Every structure is written in structure tokens, then in C-alpha cells.
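Enquirer: Chains as they are written, first to last, in this note's numbering: chain R, 6 to 303; chain U, 6 to 303.
The reader is advised that the hints may include incorrect statements.
Since copy identity is lost for identical chains, a pair holds within one copy or between any two.
List time: in silico DSBU-like cross-link candidates among lysine-lysine, alpha-carbon distance up to 30 angstroms [what the hints assert, rightly or not]:
1) K7 / K19
2) K19 / K105
3) K213 / K283
4) K213 / K7
5) K247 / K213
6) K213 / K265
7) K105 / K171
Simulated from the structure, these hints should not be mistaken for laboratory data. Quantities reported herein were computed from a predicted structural model and do not represent experimental measurements.
Number of protein chains: 2
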Amino acid sequence: MKLDINNYIKFWAKKVDSWLEQYVISNSQYIDGLVEAMRYSLFAGGKRLRPALIYSSFGIFDGYFDKVTPFAAAVEMLHTYSLIHDDLPAMDDDDLRRGKPTNHVVYGEGVAILAGDALLTKAFEIMTSSSLNPDVDPVMMLEAANKLAIATGEKGMVGGQYADLKAEGGFFNDGTVSFIHLNKTAALISYCCELGAILGYATDEEKKDMSQFGKKIGLAFQIIDDILDLTCTTEELGKNAKSDLKKEKATYPAIFGIEKSRKIADDLIFSAFGILDKYGEAAVPLRELASFVVERKN
Amino acid sequence: MKLDINNYIKFWAKKVDSWLEQYVISNSQYIDGLVEAMRYSLFAGGKRLRPALIYSSFGIFDGYFDKVTPFAAAVEMLHTYSLIHDDLPAMDDDDLRRGKPTNHVVYGEGVAILAGDALLTKAFEIMTSSSLNPDVDPVMMLEAANKLAIATGEKGMVGGQYADLKAEGGFFNDGTVSFIHLNKTAALISYCCELGAILGYATDEEKKDMSQFGKKIGLAFQIIDDILDLTCTTEELGKNAKSDLKKEKATYPAIFGIEKSRKIADDLIFSAFGILDKYGEAAVPLRELASFVVERKN
Numbered sequence: 006m007k008l009d010i011n012n013y014i015k016f017w018a019k020k021v022d023s024w025l026e027q028y029v030i031s032n033s034q035y036i037d038g039l040v041e042a043m044r045y046s047l048f049a050g051g052k053r054l055r056p057a058l059i060y061s062s063f064g065i066f067d068g069y070f071d072k073v074t075p076f077a078a079a080v081e082m083l084h085t086y087s088l089i090h091d092d093l094p095a096m097d098d099d100d101l102r103r104g105k106p107t108n109h110v111v112y113g114e115g116v117a118i119l120a121g122d123a124l125l126t127k128a129f130e131i132m133t134s135s136s137l138n139p140d141v142d143p144v145m146m147l148e149a150a151n152k153l154a155i156a157t158g159e160k161g162m163v164g165g166q167y168a169d170l171k172a173e174g175g176f177f178n179d180g181t182v183s184f185i186h187l188n189k190t191a192a193l194i195s196y197c198c199e200l201g202a203i204l205g206y207a208t209d210e211e212k213k214d215m216s217q218f219g220k221k222i223g224l225a226f227q228i229i230d231d232i233l234d235l236t237c238t239t240e241e242l243g244k245n246a247k248s249d250l251k252k253e254k255a256t257y258p259a260i261f262g263i264e265k266s267r268k269i270a271d272d273l274i275f276s277a278f279g280i281l282d283k284y285g286e287a288a289v290p291l292r293e294l295a296s297f298v299v300e301r302k303n
Numbered sequence: 006m007k008l009d010i011n012n013y014i015k016f017w018a019k020k021v022d023s024w025l026e027q028y029v030i031s032n033s034q035y036i037d038g039l040v041e042a043m044r045y046s047l048f049a050g051g052k053r054l055r056p057a058l059i060y061s062s063f064g065i066f067d068g069y070f071d072k073v074t075p076f077a078a079a080v081e082m083l084h085t086y087s088l089i090h091d092d093l094p095a096m097d098d099d100d101l102r103r104g105k106p107t108n109h110v111v112y113g114e115g116v117a118i119l120a121g122d123a124l125l126t127k128a129f130e131i132m133t134s135s136s137l138n139p140d141v142d143p144v145m146m147l148e149a150a151n152k153l154a155i156a157t158g159e160k161g162m163v164g165g166q167y168a169d170l171k172a173e174g175g176f177f178n179d180g181t182v183s184f185i186h187l188n189k190t191a192a193l194i195s196y197c198c199e200l201g202a203i204l205g206y207a208t209d210e211e212k213k214d215m216s217q218f219g220k221k222i223g224l225a226f227q228i229i230d231d232i233l234d235l236t237c238t239t240e241e242l243g244k245n246a247k248s249d250l251k252k253e254k255a256t257y258p259a260i261f262g263i264e265k266s267r268k269i270a271d272d273l274i275f276s277a278f279g280i281l282d283k284y285g286e287a288a289v290p291l292r293e294l295a296s297f298v299v300e301r302k303n
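Build the full structure now, drawing on both the sequences and the hints.
Expert: Dropping the structure here:
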């Protein structure tokens, strides 16, 4: 079995997008501008890699994919909030993302902060909604929401972003870089893979496998991101190239150089493949997504 | 029955504080500074009015108060995040809160944004944690978390804050002011009162009563806040006095004047009392808290 991975990702992206399209809407003239700002970043052309990971992991254990869509949409909201806040002047101070001006450039800093806050909050609104998820067991919903919070809070993504912010200016070692990458990026990607397993009523061991697989490809994803920042143009990336270098950010290439960093990423993907061995054909999409992560050009 | 309301609030505050004290801790040198920033605002001397409301509403329906504490702590985290983000330069730009420098003044804007994000996320972590809340039915936990998200998202608190931000500079009418107050402040206070009922396995009608009661006292709370901003000194308030006036903020006194605003607040409290009539003696604490809201001096 061989997948056209780009079409595969787009297939799931469409499902998530049409769900988001209907769900993120204003109910009052007083918040029209806020919802517009939320939608601006939500529909700015993200690849929707995280939803594809969730559906693919779920597909190993279950086939009722519609059940997954609100959860995938919630994760994409949470991911979008993290990008909006990361781009703020007080954080990474980026003015370009996916080829478009960042949220605060268009709507101002105050609105960008609030749009991020609202997207973050709404992710949990969706994951805890019994009416949106009538076919999901309440205990599973709690597990999904709780693990999302852990993966993205101070002991996960936000903690990684904090360490990243503090490490700017060249004061870091390989321990710092590992911590940052594991938390800033890999924690949420790992969660996505585990989430598919949770929703598919997988066993604890299977959930752990998916989580481990996601951690490895999440780390590889960030290493490749750092390499692309150095080797691509701003046009190719859709965001300002070499910005890590300018800010003396804690990255793998800064510690190990480009060649060794790519080797580390390749090794991680190889090791991630190993985890999937026992899942056979059902894991083909996850395997292809892992390859996509290291082979992507932007 | 007559309560010493200040001691009553302090009694519950202690329970929440000692729970928070143990729960909000760092697990890595890389996030020590972030957790310090979270704790700085969390323990900056807030009155813990919202926890008192939750416990008091709960007490009408049930007596097993320990069950409530993680939820009350979560709400206080969420309230604290909203204060940190509201105080940011891109928002209300306040440098003083509860007599102390605001979070971004001490830790910088980037860290303050992240500390807020982490507190918001952690509130949902707690409310969805089966291990922290072994005695709460999963369906109730989902209802509690879901209604919190709705009360504080773009159709609640964040929406109110957005309208507040946009209304600065004098472009508002009484419709705007009502929208802002109902969402920015009353939505969370109303939720607190309903949360007590949810955790106490109250009926839908009882939950609605508590929610309505909370909405009225929440609105009164914000009106009194606006009046105190005009009539108190910075020292009395612990935050910069007359800051609403300087920013031409949308407030009740700006529309109706101080005297009529106070009358509106008193009427709201009177009407809130009416809702409690059928709950008799069990509702004394809630009644006293309502009085406290309009009689407080800072």
C-alpha cells in the first residue's frame, strides 16, 4: 500500500476545516472583530498535520472517523493559539507566518492576545462538550481533555516556549535544546498520536506506543524545522528565514550543525518506525506521515 | 443566623490556598521561573470571592466540601490568568494590582503572557482530572469544565474583555456597557454559583437559579468596581484609581453617573435575594456574599 501523502493530509484537513468553518462563528456584533481575528489565523493555510496524525492513529484501532473530527478541530485551535502568542512582539516577534502577516500585525497586540486566549479556551469547550461528542464515553473525553492540558501547559508546550524565550541570545546547551524541543513541539504531536488511540479505545500499552511514536516524530519535526529555517528562503518557508539564527535561538543545528542534526532526525524516524512494526498495514498512514515530517521542504 | 462574612471568605480562601500551594509547583529547572511568575499572581492577595461563592452555592445542596476544593482552585487560576492578561501593556496597561507591581512589570511581557496561558490551561487540567476528583461523576466533571469554557471564552469573559478594549476612548452606549459587564465579569461569577449547584447534583431548575443569582451579583460587582475606581484612592484600591476615567472606559458611572449606578447595583442585589427566598437558611452565606459585594470598600 502506498499513499499520496499530500492528498491524504488534505483529505482530513477538509473534514476539519468544514467543521471549524461552521463552529467558529460570532453570535454578537460586539465580538465580530474578535471572531474574525480567531478565524484569520485558524484559516491561514496551516497544513493540518496534527489532525492527520490523530485520524491516522485512530484508524489503527477504529473506523468511525466522524467521532474524531471535533477533537482534531480542537487540537488545531490549540495549535493556532500557540502560534499567535508565539509570534507576539514580546515573544518571537515574527511578522510573517504561512506567507501572511501575523495576527498582531493585522489586528493589534491586544486583540491577538485575546484571539489566542479564546482559541485555547474553545479547544477545551469542544473536548468537554457532551452534545458535540454524543458517541464518546465521558471517561474518554475527560482523559482526552486532561492529557491535552498536561501536554500544553507549563509542564508541556508553554513550559517549552518559556525555556525557548529564556534561552535566546546563545545561553544554552544540548540539555536546554532537548527540553525545549520535547516540550514546545513534541509534547503536542505526541499527544495527537495518543489521542487517536484514546478515542479508539486502545489499551494502555497501545496508547503508550502511540505517545512514544509521536514524541519521536515530534522531535524530528522540530529539528527539521530548525534546519529549514537555515536552508530555505523566506518565500519558501512562508515565514522569515534565518530568524532563529538572528535571535541566537536554542536549536539542534546551533549545537550539532546541520548534517548531524539531520542524522538525529533520521534516526528518530527510524526508531519511530520500529514502534509501528507490530501494527502492520493499519499503521501505513502513520508511517507515511513520519516520512513526510523529515522529507518536507517547508 | 449571622455570619462574619470576612472570616467566612477567609476560611474558604485558606482551603483553596493550601491546595494551590501544593499543586502549582515546578518539576524542572527549565520552568522554575515560569512557575514563579504563575505563583506570584496566584498568591498576590486576592480575596478569593469566587471560591467562597462556589462553596456557598454547593452548601445549599450538599455538605461534602472537600470535593469542591480542586474546582474552586481551578476557577481562581482562571481568574488570575484573566487579570495577568488584562493588565498587559497591549490591554489595560496597568502596573499595579492588589498593591503590588503587576506580573509583566516584574517578569516581563513575554513571561506574563505565558504565565497566563499556563494558568488558563491548568484550570482545565484540574477540572478534567479523574485522579484529582475521584468522587465526582465524570458527566458532572465534563459539565463543569464545559460551562467554564463557555463562560470564559469568546462568548463570555474574553468576548467582554475584547468589547471593553474596543470601547475605550468614549465610543460606547448603555448596550455596550451592559455587554461588557455581563461578559467580562458576570459570566464567571454566574458560573461560580452554578458550579456549586452542578457539584451538588442540583436539578436543572436549581442550577438555573444559581446561575441567575450569580449573573445579578456579578453585574452588581462590576458596577461597584467602577464606582470604587472613581471614589477611592490608589492606596485604598491597591490598583491605580481613576484609571477607567483616564482611558475613557465603558462603565456604568460614565453612562448613568455614580448615584444612579449605585441604585442599579442595589436593585440587582435585591432581585438576587429574591431568587434565594425558596432556599431558606441554607442560602444565608450566599445572601451575605451578595451584600458583601455591594458594601465592600475596595
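Enquirer: Which of the listed hints are broken here?
Expert: 5
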